[in-house]
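All chains, full assembly: derive it from the sequences and hints.
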Amino acid sequence: MSVQIDVRTPLERFRRFMIYNTCLSFIPKGYLRDPTIFPERPAERGQIYLEAAAKIELAQIRDITFVKAIDVLGVIYNSRSGNTRLRWRQISGTLGRLTGIASLNSIVNLLESKVITREYVEGLISSGAALAQTQGREQREAREE
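Here the sequence shown is numbered in the working numbering, starting from 1 and rising by one per residue.
Derived from the structure by calculation, the hints contain no laboratory data. Any given hint could be a false lead.
Unchecked claim - With a straight-line cut-off of 30 angstroms between C-alpha atoms, the simulated DSS-like cross-links for lysine-lysine are:
hint, residue 1, residue 2
1, K29, K114
2, K29, K55
3, K114, K68
4, K68, K29
5, K55, K114
6, K55, K68
Structure follows, in structure tokens:
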């Protein structure tokens, strides 16, 4: 199951989400603390790509390349499974709009990194429950006809 996401969030929170989802167990502590260092990954392994005014490759660990980026304009994040596909686009400064679909595992990490709030998730659940009830009612009515 995947959930549609459409929120405004600071780049640092989305950076934390990417780290939680991909490399928390092996990212160097200095890289974790530096808000200008991001993970990147090639498309064949679930693409993570930064569009930035300037990027410098720092190190490759496993399938992640760590880059130092200045003035990030956008980020593409696709999970290995393909169940999460997110895009972050700069609105102003480090504030951006995050859109796409996220798996349940990614929802947990979006919550953990404070990209989304508990209230946002509760809203998704209640709107999903309302949608499921509507679809169920429509299916019952179609069978009765």
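Status of the hints after comparison with the structure:
no., hint, verdict
1, K29 to K114, "holds, 20 angstroms"
2, K29 to K55, "holds, 20 angstroms"
3, K114 to K68, "holds, 22 angstroms"
4, K68 to K29, "holds, 15 angstroms"
5, K55 to K114, "holds, 25 angstroms"
6, K55 to K68, "holds, 6 angstroms"
Taken one by one, the earlier hints all hold for this structure without exception.
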